[in-house]
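Asker: Residue numbers (our numbering), protein chains in the order written: chain A, 1 to 347; chain B, 1 to 292; chain C, 1 to 270; chain D, 1 to 390; chain E, 1 to 268.
Everything labelled a hint here was simulated from the structure, so no lab data went into it. The model shown is predicted, which means the values in this text are computed figures rather than measured ones. There are no misleading hints in this set.
Just some of the chain B residues that point at chain C, by a computed CB distance under 8 Å:
(1) R165
(2) A169
(3) R171
(4) A172
(5) S175
(6) D176
(7) A180
(8) A182
(9) M183
(10) G184
(11) V187
So these bits of chain A aren't anywhere near chain D, every CB distance computed over 12 Å:
(12) S9
(13) E14
(14) A15
(15) L16
(16) Q94
(17) P96
(18) G124
(19) M163
(20) G164
(21) I180
(22) A189
(23) I208
(24) L217
(25) L272
(26) H341
Ideal Cβ positions, reconstructed from N, Cα and C, are used throughout, including at glycine.
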Amino acid sequence: MRIGSAKESYIADEALFATRTQWVWFALLLASLVLFPFVSNLYWLYLACLVSINVISATGLNILTGFTGQVSLGHAAFMGVGAYTVAWLDNNAQTPFYLNLLAAAGVTTAVGLVAGLPSLRVKGLYLAIATIAASFILQFVFINWESVTRGTRGINIEPPEIMGIVLDNPDTFYWMVVPIMVVMVLLAANLFRTRVGRAFIAIRDRDISASVLGISLPAYKLMSFAIASFYAGIAGGLYAYFMGSINPESFPLLMSIFFLAAIIVGGMGTILGGILGAIFMTLTPEVLRYGVDLASPFIDEPGAVLSPVRTIVFGALIVGFLLFEPHGLAEIWRRIRRFFHLWPFRT
Amino acid sequence: MDWLFFIEVSLAGIGAGSLYALTAIAFVLIYKATRVINLAIGEMLMVGAYLFFALGAGWSLSWWLAIPMALVGGGLLGMLLERGVIRPMLGENPISVFMVTIGLGSILVGTVELIWTSAPRSLPGFMPDEAIFIGEAFIAPNTFWGFVIAAVVIALFLLLFRFWRGGVALRATASDQGAAWAMGINVPAVYSLAWGLAGMIAAGSGILLGAMSGVSPEMAMFGLTVLVVVIVGGLDSVFGALLAGLLIGWMESVVGVYLGGEYEHLVTFILLMLVLLVRPWGLFGSHEIERL
Amino acid sequence: MSESILGISNIEVVYGHTVQVLRGLSLEVPRGGIVALLGSNGAGKSTTLKAVSNLLSLENGELSAGRIEFDGKPTAGTAPHQLVRAGLCHVMEGRRVFEDLSVEENLVAATYARTGREQATRKDFNLVYEYFPRLHERRRALAGYLSGGEQQMLAIGRALLARPKLMLLDEPSLGLSPVLVEDIFSIIARINREQGVAMLLVEQNANVALALADYGYIMESGRVVIDGSPEKLLGDDDVREFYLGMAGAGGEMKSYREVKHYKRRKRWLS
Amino acid sequence: MKGKQILSAIAAVLALLLAAAMPALAEEKNDIVIGGSMPLTGPFAFAGIQFNRGLRDYMEWLNEQGGIEGRKVRYVAEDTGYEPDQSVAVFRRITSRENVSFYFGDSTAFHQTINRELDRRDIMMTGASFASELNDTERYPLQFMHGPDYSEQVAILLRHIAEEDPGARVAFIYSDTEFGRDPISAGRETAEELGLEVAARIVTPPGAADISSAALELRRARPDYAIFHGYILAPIPDFIRRARQMGMETRFMGTYYSMDQSIIDEMGEAADGFMGVMPYRYFYEEDAGESELMRAIHERNDEYQTIYYIQAWVAGSMMAQIARETLARGEPLKGSRMRASMEGLDEVDTGGVIGVPVRFRGNSLPVGRIYRADVEAGRMVPVSDWIDLD
Amino acid sequence: MSVLELEGISLGFGGVQALSGVDLAVEEGTITAVIGPNGAGKTSLFNVISGFYRPQQGRVLLEGRNLTRLRPPRRASLGLGRTFQNIALFRGMTVLDNVKLGAHVRMRTGVFSAMWYLGAARREEARVREEIEREVFDFLEIDHIRRHPVAALPYGLQKRVELARALAMRPKILMLDEPVAGMNREEKEDMARFILDVKEEWGITVLMVEHDMGMVMDISDRVHVLNFGQVIASGEPAVVQKNPGVIQAYLGSGDVNSLRERLMGESA
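Can you build the whole structure from these sequences, using the hints too?
Answerer: As structure tokens, then:
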């Protein structure tokens, strides 16, 4: 606990960053985000963009699964809806990209609301399985609604343009996606300072006592689905712009599992967890690649073990974190922070 | 309407459905004993098939030796998973356990790819190759013998479940773990037994499935349809698993022929959605009243 | 060979690392005797039994202090099923029969209690049916379809099949009509007398429990507050107070209305 | 608490590795770099490993021959696991530290996704995908195929059928994937043009386990020919075996990726008579000596080499030719310039692996020959001349 | 005046009749207790009032308004607050957030203003926070733990937080399901004092289920006794204590000595 942070009003006490130190850290973080492009190469910028998109998506899933306790295995398919919305608008309407992105979020929210309907009837594992079904049905639509999605042939998207600057490369795209990511994360963080976010957590922790407190389970569950889908829609739209081409196989079930794994590893039910998890899971393959390179003198055909090893590590991370650190990286981070807070007065 | 054709298609579907039913029983067994929704069932099935591949094709053992060994291997795998990963998780939030099984599935797939690569392989043949006709209706020998073997295994299993003392222990544990423990049943051992048996059954289905269409890491996807089967049948109902397995096999077959193969999975998942909305506990599952 | 089959000394039980249910409870059950453990709901009676049979782990409970000895040996670290096989049988509250199994299969499941000692034989089944002829009539029926009384008989019959040295009976009268309660308790008395099985009987129904028992304990808030022979307990006014909240008998307790009420006026943010 | 410590330690190590992974590679300026996203693992690894070996061996051979206009060629590739997002990541990584002129891709999705980036970076690309979608010079100006696209492969098959057996009944059996669906609608049109009857179109779900009902459907249609597309191996053997059991006399055909020698090895007896389209010579072909490239391959390899290995040599040879042509014009190795020189080619240099002179039509080389599996001889034998759709 | 009335409530679960024809009225400004042996149907009764179980017969009236068809959240917003037998706090939250949730029904912030956290949302949060600090935390003396995660608190404090959460709803009637179960004497005294104060200072009607007879008889104004799903006695504590039906329900019937003879004799 920090000493000497007396507040004079409840508003101040309710602030997102309660201490000056926190503000300093936040400013430092923002500054490093601004500086990053100037010290890194295109490949790292590419990863940064990908991480940002994944952070948005994982944060959305975290709202639904981590905070509200509604497990969804359809998150990638929702991203697909957003991506296809952007792709369709890009190919058929000359609307600016931010409108397309908003439309993507809107359409995905609507689809998410429908896909969330089973949550009114079933919960827990059954709901997870219902979302698998939703994901397959959406996949079917992507493949077979050829007039909109061009079916399995996939669909190309022109890069977005802001004030004449074409964002067709990570070094330009970065400046769009990172601010959006920061805003989306702050919005999510805000949500959990208010009654809406608290109601979500209440439903996760104990739905029965939530309803005794006057929280309408159907309304809030659907709301959570809608918000998660909104995030997925934005992330999917950005993904479409970033990749420049999408097809039905761009959003497989495995990708939904990826996001679930990201929030498990990062820490379910904390905003920081979604961020850390998305970063960690996106970058782990890179690290593994490096590790395999290091190991290459000792094994033949190191290239050929990378992908299985990645699959194994992916699974092992899920299992390991659930077994040993169910609160994820966020908890590890907190422990580290607490250690340094108390340092050198160790307890 | 061409009735003979319809009958042939239906028989083929029921044949395929028998494999769903068999795997679904493994799933239900695990669920009943440990209340774990095991999403890694498809991967366990795949590992079983690869074990048979390794023994039968790699070590060139004859099939009557390789199959039992692969089954035992599958059983050991099941027990290993239970003891190593599932047991420490028992009592945790069921969703965490569920996600652990997703992680396990990933580990199994990666391991198989590491050892055998992901190239599709053919299994050594062990089923008779002559065409079977029921009346005029043709049944592929693979389908027919697959069905017969699945039926025999299922029957054997049901008999065990019913009359073997261990079967009673299993059912007692499924019915009430606390009371079973208080009655002197070694409940942790029953957990291992259930996972071991389920691993064996899954390996068996894997071998049958592999005999029909070869083995590859992709065959783990079979587990997803099995998941649909058990939800439709009712997670805790052996009878439901059997019936839903045959039903979904039949339905996929008929839909595939009359609507086109692209609709097979769609229809399966639409059925799943309908069941979840109308009767979430499945056609034959027990509906537990939520006591507060 | 010690005189008591079960000795509990100073045990404490905590659920979920927060809720302390037992706070230093001690009691003894002599070989072949019947001991009644009475008290209001929530006093910790069922928890005591679960602590004895090591079933606490099922409910995230933990024996944090104290010692339990069964048949001269400490029970700590022994799995529940091993305790059963050593002759300690727990008939849980709410009967807990295996509803999907037939009556006979319920008994078969109970034969596991003897694994490692001797096999259960037809004779053992017949013994159960002899005490509970009603079960014999319904031996093919699913246990889930039995009436409450029949289920209670089955639960006790199952335990009997285990040939225990000590039975823990948790509220056998729960939800049964007075006539049935008398039926069942008289069978319990017979089993005790004829088979020499010691009983630790948890009951709310104090009269019937004390009519049967050689000795009684009354619990409140996780510890024993009064113990003694049935005659002593029945004659004690305190017992009534515990059950019906009648003030005045003990005298030393203040009324809740008179408890002082401190209020801190300070308020700060942390 | 031990697990927690281990996890923390793992996290710390990973973080360290991550920091250390920042690329620090000096590059040899003058080399011509060919990058590759290679499916060394995953479901396409059987071909990917061969592509990788083939390209590596070809580049080695080429450098032994003096490289391209005296410049050395360097081949840089990494595994993708046949996942498009990994392919993109590999592309990004390689191009961020190398000045890449050519690139070899591994999947249609990757070819599509990376297209914009190719244009931006002016890199020329070829790869494993023969998707008809890519055969569009407007959309994919910097991509080319070193063989016929899937529609053209089917067209070559159909043309062969129409010649052998005019008016025959043909069935298409394909998987419900991007790969499988690719040539079907074009194939129907071609069949109609050639006077063939399309007796059935049978779709199998991706990763399908059981094809019993599909086989029954096939029997009901009783086609003279059935063309598989979108499969590597399974479920082709199963279909053929069932058809034999049901007493059908349908002749079965496949497209490029189901035509390697391995199909005979894997299928055994059932493979006998299986036909398919193949743009390249097989390793063991007798007239191999006519081809310079085949001679080089034989010099390096005693054992059978897969068609994918040979395919990689062809791809390499074509890249070298385009580069040579461009450099000869005194222009830089930029995609747009190379495109121009590619279009100017009268004849594509396949090192004689394709037995007739070929030219680009759009982005592809619409040439192939029909081969038939001869189980007794244990190899594929040609049953037609080279068919050039152009 | 009766705040809450139950008329002829019957509830069964597949053959087991949990409640049969229960009539019960709770007078405004009283502490009313429902007692009865284990399994008598007390918690079922609470769940019928909260709206988790829908009775097969009968009506639930709050201030004359029929609640029978309303879902739990709606009932809560009409002024029905409750705590649970096994603490039902939100374990993942701090004490403060738990209590704030109690005020949920009195707040209006929607998703959009919540996410931007501007103007109205910010003001509302601050206002509710202030109310809670002044009224609830102060009253229940839990201000020092407001930032603690509830899962780590001792049992007695958790119970108090649950009460705080219910009070933050400002309910018309507060239902307490075994408020002192598992507490030691000291904790019970505190809780009893709080319950009395809730009635006296806040003017909230209290309906509780409790097994601790000492406390029930001491602080209740009125007691209803349930057995086998039926009300067997109602009235002031002193009267109910002497009711032979109640004594029999709790202690069993008849004279112990003759009972013993019957039990032993039958088999002799």
